[in-house]
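Participant: Sequence:
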Amino acid sequence: RINAIEMRDRPPEPGDDILLSVITDGRHAAIDLRLVDSDNDNEPDNKLSLLVSNAYRIWKETEANTYVRPNGKPFELPGAAQMIFSDLGTISVEKTRGFSAYRWIRDELVRMGVPGSEIAFMQDFRKSEAKQRLFGDVRAGKVRFLIGSSDTMGTGVNAQLRLKALHHLDVPWLPSQIEQR
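Residue numbers 5 to 185, in this note's numbering, belong to the letters of the sequence shown in order.
Derived by calculation from the structure, the hints in this document are not laboratory data.
Some hints here could point you the wrong way.
[As the list claims (entries may be wrong)] Only pairs whose alpha carbons sit at most 30 angstroms apart, straight line, appear in this in silico DSSO-like list of lysine-lysine:
#: 1; residue 1: K51; residue 2: K99
#: 2; residue 1: K135; residue 2: K77
#: 3; residue 1: K99; residue 2: K131
#: 4; residue 1: K135; residue 2: K146
#: 5; residue 1: K64; residue 2: K168
#: 6; residue 1: K135; residue 2: K51
#: 7; residue 1: K146; residue 2: K64
#: 8; residue 1: K51; residue 2: K77
#: 9; residue 1: K168; residue 2: K131
#: 10; residue 1: K77; residue 2: K64
#: 11; residue 1: K168; residue 2: K51
#: 12; residue 1: K146; residue 2: K168
#: 13; residue 1: K99; residue 2: K77
#: 14; residue 1: K51; residue 2: K64
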């Protein structure tokens, strides 16, 4: 595709490849080929599948971990929390790309035995009050997986009390965003 761009002897027209679209497809393909072509099958060793396997393993290993409130009283629910960051493959790209990494992560974790109520998409909580309730649910152990992007989950998330793992499905363009995660 890059060779075709370099050999083109005219300005690009709508629908033509440009370098940015090739790079974007490459970033998506590095996660899961279904983000480039939704007709592809799942590959068990791709980055997305390996992330889900690792997240599930941690969920099982930490299901009995107990946590204490700042006042010294224990929380009723055991289990560690995990945050999964991805700026690509969000729910909103499902319309244009035909596949959502977020939805697939949730569906696959549920298929493996994680209750759906323990998985939340940060993008579903837009108002400050809703976000604070969500963070409270993470601290209390009701939500054990929080899935979001650098923009939605990179700053202001007070959910580290139970945090056992941060998963980075992709690498953001700006180094400052990885630090905020």
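Participant: It remains to establish, for every hint, whether it holds in the given structure.
Facilitator: Quick rundown of the hints versus the structure:
1. K51 to K99: With Cα atoms ~22 angstroms apart, K51 and K99 stay inside 30 angstroms; holds.
2. K135 to K77: OK: K135 and K77 at ~24 angstroms, within 30 angstroms.
3. K99 to K131: 24 angstroms, holds
4. K135 to K146: 14 angstroms, holds
5. K64 to K168: 12 angstroms, holds
6. K135 to K51: This hinted pair holds, its Cα atoms lying about 29 angstroms apart.
7. K146 to K64: 15 angstroms, holds
8. K51 to K77: At roughly 39 angstroms apart (the allowed maximum being 30 angstroms), K77 and K51 break the hint.
9. K168 to K131: The given pair, whose Cα atoms are some 26 angstroms apart, holds under the 30 angstroms limit.
10. K77 to K64: 24 angstroms, holds
11. K168 to K51: 20 angstroms, holds
12. K146 to K168: With a Cα-Cα distance of about 15 angstroms, the restraint between K146 and K168 holds, given a limit of 30 angstroms.
13. K99 to K77: Not satisfied, since the Cα-Cα distance of roughly 46 angstroms exceeds 30 angstroms.
14. K51 to K64: 20 angstroms, holds
Figure legend: structure checked against the earlier numbered hints; hints not met, in rising order: 8 and 13.
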